[in-house]
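Asker: Each chain is listed here by its residues.
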Amino acid sequence: KNQVEQSPQSLIILEGKNCTLQCNYTVSPFSNLRWYKQDTGRGPVSLTIMTFSENTKSNGRYTATLDADTKQSSLHITASQLSDSASYICVVSLSGTYKYIFGTGTRLKVLA
Amino acid sequence: DTGVSQDPRHKITKRGQNVTFRCDPISEHNRLYWYRQTLGQGPEFLTYFQNEAQLEKSRLLSDRFSAERPKGSFSTLEIQRTEQGDSAMYLCASSILARRAGDTQYFGPGTRLTVL
Numbered sequence: 001k002n003q004v005e006q007s008p009q010s011l012i013i014l015e016g017k018n019c020t021l022q023c024n025y026t027v028s029p030f031s032n033l034r035w036y037k038q039d040t041g042r043g044p045v046s047l048t049i050m051t052f053s054e055n056t057k058s059n060g061r062y063t064a065t066l067d068a069d070t071k072q073s074s075l076h077i078t079a080s081q082l083s084d085s086a087s088y089i090c091v092v093s094l095s096g097t098y099k100y101i102f103g104t105g106t107r108l109k110v111l112a
Numbered sequence: 113d114t115g116v117s118q119d120p121r122h123k124i125t126k127r128g129q130n131v132t133f134r135c136d137p138i139s140e141h142n143r144l145y146w147y148r149q150t151l152g153q154g155p156e157f158l159t160y161f162q163n164e165a166q167l168e169k170s171r172l173l174s175d176r177f178s179a180e181r182p183k184g185s186f187s188t189l190e191i192q193r194t195e196q197g198d199s200a201m202y203l204c205a206s207s208i209l210a211r212r213a214g215d216t217q218y219f220g221p222g223t224r225l226t227v228l
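Residue numbers (this note's numbering), protein chains in the order written: chain A, 1 to 112; chain B, 113 to 228.
Isolated chain A (complex conformation) (with noise of 0.2 Å):
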């Protein structure tokens, strides 16, 4: 069964701290993945996208990994600011369909 499972579920951290969040995926054939940040209320917006080739993928304070034989990516936060609390959302596209795999998020609450 193709799956997104992230972890942890939740995290709280204190202003200016660094956190890394957890994406293991069953899906395959695999084409790409991507995180997504959702705040409360909103769309997800587009942080990073990699393909399997792609072990690295950077935006600011956001650095994405992938592991393509483990089936593993992470997303580290650098320097966490009150504005990145949120949902982060992996994603994992199936190669030769439309179809995006989500998995449930990480709600990041970062405290003053």
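Simulated from the structure, these hints should not be mistaken for laboratory data.
Fair warning: this is a prediction, and the values are worked out from it, not measured in the lab.
Fair warning: there could be bad hints in the mix.
Only pairs whose alpha carbons sit at most 30 Å apart, straight line, appear in this in silico BS3-like list of lysine-lysine [claimed, not checked]:
{"no.": "1", "chain 1": "A", "residue 1": "Lys-99", "chain 2": "A", "residue 2": "Lys-1"}
{"no.": "2", "chain 1": "A", "residue 1": "Lys-71", "chain 2": "B", "residue 2": "Lys-169"}
{"no.": "3", "chain 1": "B", "residue 1": "Lys-169", "chain 2": "A", "residue 2": "Lys-99"}
{"no.": "4", "chain 1": "A", "residue 1": "Lys-71", "chain 2": "A", "residue 2": "Lys-57"}
{"no.": "5", "chain 1": "A", "residue 1": "Lys-99", "chain 2": "A", "residue 2": "Lys-71"}
{"no.": "6", "chain 1": "A", "residue 1": "Lys-57", "chain 2": "A", "residue 2": "Lys-1"}
{"no.": "7", "chain 1": "A", "residue 1": "Lys-99", "chain 2": "A", "residue 2": "Lys-17"}
{"no.": "8", "chain 1": "A", "residue 1": "Lys-17", "chain 2": "A", "residue 2": "Lys-71"}
{"no.": "9", "chain 1": "B", "residue 1": "Lys-183", "chain 2": "A", "residue 2": "Lys-1"}
{"no.": "10", "chain 1": "A", "residue 1": "Lys-109", "chain 2": "B", "residue 2": "Lys-123"}
{"no.": "11", "chain 1": "A", "residue 1": "Lys-71", "chain 2": "A", "residue 2": "Lys-109"}
{"no.": "12", "chain 1": "B", "residue 1": "Lys-169", "chain 2": "B", "residue 2": "Lys-123"}
{"no.": "13", "chain 1": "A", "residue 1": "Lys-1", "chain 2": "B", "residue 2": "Lys-169"}
{"no.": "14", "chain 1": "A", "residue 1": "Lys-99", "chain 2": "A", "residue 2": "Lys-57"}
{"no.": "15", "chain 1": "B", "residue 1": "Lys-183", "chain 2": "A", "residue 2": "Lys-109"}
{"no.": "16", "chain 1": "A", "residue 1": "Lys-109", "chain 2": "A", "residue 2": "Lys-17"}
{"no.": "17", "chain 1": "B", "residue 1": "Lys-169", "chain 2": "B", "residue 2": "Lys-126"}
{"no.": "18", "chain 1": "B", "residue 1": "Lys-183", "chain 2": "B", "residue 2": "Lys-169"}
Now the in silico label distances, taken between C-beta atoms and shown as ranges [said to hold, decoys possible]:
{"no.": "19", "chain 1": "B", "residue 1": "Glu-164", "chain 2": "A", "residue 2": "Asp-69", "range": "25 to 31 Å"}
{"no.": "20", "chain 1": "A", "residue 1": "Ser-58", "chain 2": "B", "residue 2": "Lys-126", "range": "31 to 37 Å"}
{"no.": "21", "chain 1": "B", "residue 1": "Pro-182", "chain 2": "A", "residue 2": "Arg-42", "range": "25 to 31 Å"}
Backbone N, C-alpha and C define an ideal beta-carbon position, used for all residues, glycine too.
The hints should help you fit chain B onto chain A, whose structure is shown.
Answerer: Leaving out everything else, chain B in the frame of chain A:
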């Protein structure tokens, strides 16, 4: 603001009523997606259009659901005989195919449906 708009933003209806949502994608985007998202879950794929053609539908899209994109621009999602289980956020996303890494989807703000 991603450039994708959805209307209405909120809809409250009684069970058994029909509802219709509209999505206006970014103008040059030929791909359009509908998703459903319930609280604490990630979005679930409902259907996909390339231009005006509906190329893929999820099994989640029961006979009570229908989507159209008549001129390859805006799209509508209709739910007939709504049930309480239809209460969710309905998200629309649009994209244009990029050669290297696939398309980046731009999501609208969603329509939150509450069925009483």
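Asker: Which hint numbers doesn't this structure obey?
Answerer: Violated hints: 7, 9, 15, 19 and 20; rest satisfied.
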